[in-house]
Amino acid sequence: MFRRTDPPDCTIVWEGRELPARAGESLAVALLAAGITTFRETPVTGAARGPLCLMGACFDCLVQVEEAQNMQACLVPVTPGLRAQMQHGARGFVEDAA
Amino acid sequence: MSSSGLFDVAVLGGGMVGSAIGFGCAERGARVVVLDEGDVALRAARGNFGLVWSQSKGDGMPAYAAWTRQSVALWPALAERASALAGRDVQYRAVGGLTFCLDEAEFAARQLFVQRMHNQGQEGLQMLDRAQLQALMPGCPLGPEVRGASYQPADGHVDPLTLLRGLQAGMRAAGGVHLPGAAVQAVEPIAGGYRVTREDGSQVEAQRIVVAAGVKTTPLARMIGLDVPVRPVRGQNIVTERLAPILPLPASAIRQTGDGTVQIGVTSEDDGSFATATTTAALATMAARALRVLPVLAQARMVRGWAALRPMTPDGFPAYAESTTHPGCFVATCHSGVTLAAVHAGPLAEAVLAGVLPEHARDLHPDRFVGMTHVSSH
Ligand SMILES: Cc1cc2nc3c(=O)[nH]c(=O)nc-3n(C[C@H](O)[C@H](O)[C@H](O)COP(=O)(O)OP(=O)(O)OC[C@H]3O[C@@H](n4cnc5c(N)ncnc54)[C@H](O)[C@@H]3O)c2cc1C
Ligand code: FES
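Residue numbers (full-length UniProt numbering), protein chains in the order written: chain A, 1 to 98; chain B, 1 to 378.
Everything labelled a hint here was simulated from the structure, so no lab data went into it.
Even for Gly, the Cβ is constructed at its ideal location relative to N, Cα and C.
Hints may be right or wrong, so weigh each one.
Claimed, not checked - The calculated label-pair distances, taken between Cβ atoms and stated as ranges, are:
| id | chain 1 | residue 1 | chain 2 | residue 2 | range |
| --- | --- | --- | --- | --- | --- |
| 1 | A | 46 | B | 372 | 21 to 29 Å |
| 2 | A | 56 | B | 191 | 37 to 45 Å |
| 3 | B | 277 | A | 52 | 22 to 30 Å |
| 4 | B | 306 | A | 80 | 37 to 45 Å |
| 5 | A | 80 | B | 138 | 44 to 52 Å |
| 6 | B | 272 | A | 80 | 52 to 60 Å |
| 7 | B | 292 | A | 56 | 23 to 31 Å |
| 8 | B | 145 | A | 57 | 29 to 37 Å |
| 9 | B | 80 | A | 83 | 45 to 53 Å |
| 10 | A | 24 | B | 143 | 37 to 45 Å |
| 11 | B | 143 | A | 68 | 19 to 27 Å |
| 12 | A | 24 | B | 104 | 53 to 61 Å |
| 13 | B | 272 | A | 56 | 32 to 40 Å |
| 14 | A | 57 | B | 299 | 18 to 26 Å |
What the hints assert, rightly or not - Not everything, but these chain A residues come out facing chain B in the computed CB check (under 8 Å):
| id | residue |
| --- | --- |
| 15 | 43 |
| 16 | 44 |
| 17 | 58 |
| 18 | 59 |
| 19 | 70 |
| 20 | 91 |
| 21 | 92 |
The task is simple: from the sequences and hints, build the whole structure.
Here it is, written out as structure tokens:
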């Protein structure tokens, strides 16, 4: 669907799978370039969703980055080796942080 | 659908009040047109908190308290119809409603208020101490400062945007016409009714007129010979990202919506200004209080903040009247249009068609404002 204008220079890990990426680009762009379109399942109906605005406004690109849930993938810059996975449903709370 | 010919009812204003009345009239067989402004409009209908709420309503005005209770009683039926008409659940949940008290002084003050409301006929309203609150909401991570709350089992909440959509869809499904996009500029009597002129030059004729223009009610009411002072009272809101369920009951100024977002409110800024910007200071104060209720919200991200304007009369209670100089012309305004949607779509719509205001609404005539200087927000 999307074609890269610059070559990848590192890898990230998405759902346990290594994908090519470019440091400094947004995580959303890296995933789209790798053909990933389903970023999350909504809390309301469980429907699959992916990025819409790519500029931080729509909140449709939510993913889990390392331990942090509900991160906007379009606002997270890629760093080599970054680990991310789909956001399933609503964000939970970290028990001991309360 | 044609917007020409003589309508039975023209509703001026398509917010929460006008949409409910328009729906109710259309459902009763009247030929209805709802005239509304465009997307620039100041619409509390699109910016409110979504509580269907009786516990704080009508202190010192029994007619308003009774009118509110009547609406709460009619709400389950309205919710069912509005959901069907909107094509999705309006998420009306009458699970009971709370007003949290965060220290001894707040608890004592609320207790006095509850006693006063009780003396004025409010049933069911009670104070819960912390232990009772915890028993009511097991697992809810209440902050250590929560001393207790007032609790009204009949109260609840709703998704106000889906409600508005349902009311407007119902009005159209019953043959009504929705004409947004141009403000009403003039109303003049013609043979058998009234002619309404809009800012785009278009005209609509109707036998009956209902002014339901929210914070802009005063100038439109004047066109039908009624003096109804309404001023804007700003309320700011915060909504968080969607979260796993943490707060099973809605509360004054904090509720978790059916979709999982936590809505945090809400200021009452009575400065006469029609501005709808948010301020960092107000949002910070609201967030700080919400954190005292549910400290776990410190982990939550805010998604949006906004401000909207409540239509407020001099004594804070609703105003309903038929004009004596312009028979067949009515005004309806209130600051709890979500809660009152069920009586607006029911008995009030019926009254517009019959020409006789119902019990309770009759006692809320704007004549009482004459010479009133004291202003308060209920
Ligand atoms: C922050 C906030 C929180 C609230 N929380 C609650 C709550 O929890 N529960 C509750 O019951 N209520 C709540 N309310 C109040 C509720 O939203 C209002 O009572 C209700 O929306 C009023 O309905 P209305 O139709 O009078 O005004 P609005 O909904 O504001 O609509 C007025 C309409 O009139 C139109 N209009 C104005 N002038 C003209 C003109 N010249 N020509 C044509 N159209 C015109 C406007 O475009 C607008 O569409 C809240 C309000 C605010 C601001
Ligand atoms: S794509 Fe819209 S917020 Fe990320």
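- Query: Per the hint of 45 to 53 Å, is the separation of the Cβ atoms of residue 80 of chain B and residue 83 of chain A within bounds?
  - Reply: Holds - the Cβ-Cβ distance for residue 80 of chain B and residue 83 of chain A, about 47 Å, lies within 45 to 53 Å.
- Message: If I claimed the Cβ atoms of residue 272 of chain B and residue 56 of chain A lie 32 to 40 Å apart, would that claim hold in this structure?
- Response: With a Cβ separation near 35 Å, residue 272 of chain B and residue 56 of chain A satisfy 32 to 40 Å, so the hint holds.
- chain B contact restraint for residue 58 of chain A - C-beta distance below 8 Å: 10 Å, violated
- At a threshold of 8 Å, is the proposed contact between residue 91 of chain A and chain B supported by beta-carbon distances? Check passed: Cβ of residue 91 of chain A comes within 5 Å of chain B, closer than 8 Å.
- Item | Status of the hint placing residue 43 of chain A at chain B (closest C-beta pair under 8 Å) | 5 Å, holds
- Task: Determine whether the Cβ-Cβ distance between residue 145 of chain B and residue 57 of chain A falls within the hinted range of 29 to 37 Å.
- Result: 35 Å, holds
- Okay, residue 24 of chain A versus residue 143 of chain B on CB: inside 37 to 45 Å? 41 Å, holds
- Query: Are residue 277 of chain B and residue 52 of chain A spaced within 22 to 30 Å by their CB atoms?
  - Reply: The hinted range 22 to 30 Å holds for residue 277 of chain B and residue 52 of chain A, with Cβ atoms some 26 Å apart.
- Interface hint for residue 92 of chain A, Cβ within 8 Å of any Cβ on chain B: Residue 92 of chain A check passes; min Cβ-Cβ to chain B is 5 Å, inside 8 Å.
- Query: Okay, residue 80 of chain A versus residue 138 of chain B on CB: inside 44 to 52 Å?
  - Reply: 46 Å, holds
- Message: Tell me if the beta carbons of residue 46 of chain A and residue 372 of chain B are separated by a distance inside 21 to 29 Å.
- Response: Since residue 46 of chain A and residue 372 of chain B have Cβ atoms about 54 Å apart, the given range 21 to 29 Å is violated.
- Closer than 8 Å between Cβ atoms is the bar; does residue 70 of chain A clear it against chain B? Give me holds or violated. Residue 70 of chain A check passes; min Cβ-Cβ to chain B is 5 Å, inside 8 Å.
In this structure, the earlier hints numbered 1, 2, 17 are contradicted, and the remaining ones agree with it.
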